[in-house]
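Produce the complete structure using the sequences and hints provided.
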Amino acid sequence: MMKTPAYSRTLTFAPLVLVLLLALAPPGFAQSILLKSGQTIETKGVRRSGDMVMGKVQVGASSGEVGYQAATISKINFPEPPQLKTTSAFLSQGQPEKALADIEPVVKYYEPFRDLPGNFWAPAALLKVSALSGMQLDKQAEALGDEIRKSVTDPETARAAQLQLVPGLVRQENFEKALQICAAVIKESAQADVLAEAWVRKGDALLAQRQWDGAVLAYLHVPVFYENEKRWMPQALLGSARGFRALEDLERAKRSLNDLTAAYPKSAQAEIARAELQKMPK
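With numbering that gives the first Met the number 0, the residue at position 61 of the sequence shown is 60, and numbering never jumps.
By construction, these hints were calculated from the structure, which means they are not laboratory data.
Owing to the predicted nature of the structure, the values given are computational and were not obtained by experimental measurement.
Treat the hints with care, since some could be wrong.
Dumping the calculated DSS-like pairs for lysine-lysine here, alpha-carbon to alpha-carbon at most 30 Å [said to hold, decoys possible]:
{"#": "1", "residue 1": "K176", "residue 2": "K74"}
{"#": "2", "residue 1": "K97", "residue 2": "K229"}
{"#": "3", "residue 1": "K278", "residue 2": "K84"}
{"#": "4", "residue 1": "K149", "residue 2": "K138"}
{"#": "5", "residue 1": "K281", "residue 2": "K97"}
{"#": "6", "residue 1": "K107", "residue 2": "K97"}
{"#": "7", "residue 1": "K43", "residue 2": "K138"}
{"#": "8", "residue 1": "K35", "residue 2": "K97"}
{"#": "9", "residue 1": "K138", "residue 2": "K229"}
{"#": "10", "residue 1": "K149", "residue 2": "K176"}
Simulated restraints on C-beta separations [to be verified]:
{"#": "11", "residue 1": "D248", "residue 2": "K149", "range": "23 to 31 Å"}
{"#": "12", "residue 1": "R273", "residue 2": "V56", "range": "50 to 58 Å"}
{"#": "13", "residue 1": "E226", "residue 2": "L246", "range": "18 to 26 Å"}
{"#": "14", "residue 1": "Q277", "residue 2": "E96", "range": "23 to 31 Å"}
{"#": "15", "residue 1": "Q139", "residue 2": "L246", "range": "34 to 42 Å"}
{"#": "16", "residue 1": "Q139", "residue 2": "K281", "range": "41 to 49 Å"}
Quick reminder that beta carbons are idealized off the backbone N, C-alpha and C, glycines included.
And the structure:
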């Protein structure tokens with residue numbers, strides 16, 4: 000026999016919860032709770048209270064909360080946070096500080112729901128790791144990356160988290176471990192965005208070791224095989240240009256830099272490319 004959900008009548012949420020819900024959910028979007036019994040409960044927002052998930056519902060002229068044990072919930076249909084896109088944009092523009100400020104509230108909001116399907120904690124946390132790495136906060140990035148890998152069931156998310164360690168390893172000149180991570184992801188992944196990042200990270204590790212041919216080959220995998228993964232194209236084009244220049248292939252180096260500035264003029268790499276083009280012989 001199905002248990003009657005715990006119910007408490009209340010007129011308001013805690014202010015912080017309400018602010019977060021308004022920030023993370025589009026106006027009028029109902030967050031629905033899908034129970035393992037098959038029942039769906041439409042709510043105007045949810046919060047976590049220990050083992051319970053509380054859903055805000057309308058009761059006559061006033062609002063109230065209906066509580067369900069987390070173990071009875073199959074999924075919560077959350078709206079996708081707009082910060083997933085805006086944070087990615089900040090990262091592509093070379094603004095990790097703004098990216099971190101943008102994504103941090105999302106990570107905190109979904110933290111209590113990370114054990115329930117439908118939450119956006121993992122993708123938000125991955126972006127936070129990228130922001131931390133971009134700020135060269137390698138220890139914090141590594142700790143959060145480990146937390147993601149231990150808590151997610153999706154292997155592609157775990158692989159993406161592993162890749163976030165590579166920039167720090169390259170800065171530490173631990174190239175062997177960096178390349179091992181990239182090789183494992185390239186071998187095991189079937190997800191285009193993860194693979195594109197893996198090839199860029201591999202190119203970075205090889206470029207730092209002055210292995211120009213290998214670096215160029217790694218970077219060129221992105222425009223050749225993953226041209227739709229726009230987030231990684233600027234880094235791939237800039238990296239390949241630097242590799243070509245080191246190989247004294249100035250024609251291809253210029254072409255890569257020009258392609259970068261034309262296709263991704265607002266990216267952080269485009270600004271670097273314009274400066275490098277000015278230094279190259281005409």
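| query | Which hint numbers does the structure go against, in order from smallest to largest? | reply | 1, 3, 5, 7, 8 and 11
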